[in-house]
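Novice: Position chain L relative to chain P; hints supplied.
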Amino acid sequence: MSTLTLDHVVIAVRDLDAATADYNVLLGRDPSWRGEHPTYGTRNTLYRIDNTYIELLAPGTKKGRWANELWKRLEQGEGLYALALGTPDIKTTVRELRDAGLEVEDARDGEGVDQMTGAQRRWRNALAPVKATNGVRMFFIEHKSPPDALPVAPVTVEGGYVQRMDHAVVLSADMEVSRQLWGNTLGVRLALDRTFPDRNTRILFFRLGDITIEISGGAVQTEEGMGKPDRLWGIAWGVDDVQKACDRLRASGVDVSGPRAGIKPGTLVATVKGEHAHGVATLLIEHTPESFRAESRLPQGTAYDNVPQLRAFHALALDHVTLSTPDAMSTAVTWADVLGLPVHGTRDVEERRLRLTDLPAGNAFIELAQPLNPEHSLAQHIAERGPGMYAISIEVDNIDEAVRDLRVKGVAVTEPEFGVREGTRVARIDPASANGVRIELIERRPPVL
Amino acid sequence: MIKKVHHVGVVVRDMDQAMTFYRDTLGLHVHKVETIQEQGVKAALLTLGDSEIELLEPVVPDTGVARYLESRGEGLHHVCFEVDDIERDLQALKDKQVELIDQQTRIGLAGRICFLHPRAMGGTLVELCEPLPETAGAHS
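Chains as they are written, first to last, in this note's numbering: chain P, 1 to 449; chain L, 450 to 589.
Bound-form chain P, shown alone:
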């Protein structure tokens, strides 16, 4: 499947002007856009931040296909309304989602008009019925206008503003259904599955680009929870300086508690209380450099790690296994047929002269790599040794430290560079140092507890 991103989040509000005023304060930014959906019967305010955008959505004055739905939602109160998952190719995504068993409506054209400038933006989106997505309203969107059609929301404060979305929290009563939906049907990478017995909580950490979707449920599955829908609950916003954010919000009359140390070592967090967030459970979070190699990111299986070692870096997880193939498409079909693994799209990485196909397999994924050029080293490898297992990719918490440390220990490893996957950096270890195994180290933006 083409890789999905969290294009934007939609927050349902009754009074758009009041909500806009509150979010201007909360985010420390002015809107990117204040607009109207002529065909939906809705009005909105948009804020583009570093890694996504936020949409405050309210019923408009005219009728339209979304207005009734929205009113129904607002009868239950304001709050997180929908997740918009971005794709570069809506047609393919709809087909792939249907192949994966998800009910999705046909893609339709949409347009918005900015009331401040008269600017227009166009997109195509496809809705999934709420019952098909386990109670979480989702739609898939391909923007037809260039990204700069929606400018970055101007920062209006000295410090303590929202830079990015860190994670979104979904409450789940039936974790197995949620895991199936996000991991298998949507093909989003499950980075961690952790249970915290002392808090009676289990959290699935799915990664959409550099944003984490935390699916949070009880440590033990209860019978009454089975089959119950998920609920969009809250958002953690990444801020540059949480102390400044608290000071400035308090000065504006916002009820905020904190800052305090986050559960994840090295983070500082604050909770926004009261009506200000319009029904969205809201956390502000600041990462310090220490949080990137914090204790909470130690490898799992710590039952055996009786003596914690002081290490420059940590190998966190098997990220993926790369198989070489002369034909990624046909090998994908074989693997899907024999093992029932979902196939998530095939894409050509021109600068690397590779065709890649991903097959998610729970905690890690299988990557099929086809050389697009007969001179490619991978093509020569296939010619000499036949297709098959080629490399493994290991996620580390800090790739710069990892490379430095490995070199000190005499291991030949390449300089870290950006990976073909968004939000990653990679470095390759010389197989001669690793008992003949091609090992790629990969760093991904860490999840937050």
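What the hints contain is simulated information worked out from the structure, not anything from laboratory work.
Some hints could be false.
Unchecked claim - Think about it this way: if two alpha-carbon atoms lie no more than 16 Å apart in a straight line, the pair counts; the simulated EDC-like pairs of lysine to aspartate or glutamate are:
{"id": "1", "chain 1": "L", "residue 1": "K452", "chain 2": "P", "residue 2": "E176"}
{"id": "2", "chain 1": "P", "residue 1": "K409", "chain 2": "L", "residue 2": "D473"}
{"id": "3", "chain 1": "L", "residue 1": "K453", "chain 2": "P", "residue 2": "E176"}
{"id": "4", "chain 1": "L", "residue 1": "K545", "chain 2": "L", "residue 2": "E519"}
As the list claims (entries may be wrong) - Some, not all, of what chain P presents toward chain L, calculated at C-beta under 8 Å:
{"id": "5", "residue": "V25"}
{"id": "6", "residue": "W66"}
{"id": "7", "residue": "M226"}
{"id": "8", "residue": "A315"}
{"id": "9", "residue": "V338"}
{"id": "10", "residue": "G388"}
{"id": "11", "residue": "M389"}
To be verified - A few chain P residues that don't get close to chain L, going by computed Cβ distances all over 10 Å:
{"id": "12", "residue": "P38"}
{"id": "13", "residue": "V113"}
{"id": "14", "residue": "G118"}
{"id": "15", "residue": "D255"}
{"id": "16", "residue": "W335"}
{"id": "17", "residue": "D348"}
{"id": "18", "residue": "F418"}
{"id": "19", "residue": "P431"}
{"id": "20", "residue": "S433"}
{"id": "21", "residue": "R438"}
In this text, a Cβ means the ideal position worked out from N, Cα and C, and glycines have one as well.
Specialist: Using the frame of chain P, we list chain L on its own:
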């Protein structure tokens, strides 16, 4: 139904030497070392997040792993997927006429296991496993 990548198998010439990289340099935790007489290998399981690296050193000549090492040298050997019901999955593979190495499941280091033929999987040796109750805890 596949639950996860249970482990990646790596053939090595000398377990002690391999440990200097995988355990000491990469920092992976060794949670099990065992010699499996019937397969003629010494195996070490190293924790890697929610998955594992399995290092295999042949200790008896002329076994599958020994021949592999002889002809292809050290390196990646197989990938093992954990399934929830291996008997059912093996039967399903037989129904689909997938070429298998094991017609019956057997007990291995990862629990109840079976191997598919690399010819069936585009050149990759695939193992399926269903951890036994007493081994299941090793991975959580």
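Novice: Each hint: holds or not?
Specialist: A quick look at each hint next to the structure:
no.: 1; hint: L:K452 / P:E176; in the structure: holds (11 Å)
no.: 2; hint: P:K409 / L:D473; in the structure: holds (10 Å)
no.: 3; hint: L:K453 / P:E176; in the structure: holds (14 Å)
no.: 4; hint: L:K545 / L:E519; in the structure: violated (33 Å)
no.: 5; hint: V25; in the structure: violated (40 Å)
no.: 6; hint: W66; in the structure: violated (37 Å)
no.: 7; hint: M226; in the structure: violated (17 Å)
no.: 8; hint: A315; in the structure: holds (5 Å)
no.: 9; hint: V338; in the structure: holds (5 Å)
no.: 10; hint: G388; in the structure: holds (3 Å)
no.: 11; hint: M389; in the structure: holds (4 Å)
no.: 12; hint: P38; in the structure: holds (46 Å)
no.: 13; hint: V113; in the structure: holds (47 Å)
no.: 14; hint: G118; in the structure: holds (51 Å)
no.: 15; hint: D255; in the structure: holds (39 Å)
no.: 16; hint: W335; in the structure: violated (7 Å)
no.: 17; hint: D348; in the structure: holds (19 Å)
no.: 18; hint: F418; in the structure: holds (23 Å)
no.: 19; hint: P431; in the structure: violated (7 Å)
no.: 20; hint: S433; in the structure: violated (7 Å)
no.: 21; hint: R438; in the structure: violated (8 Å)
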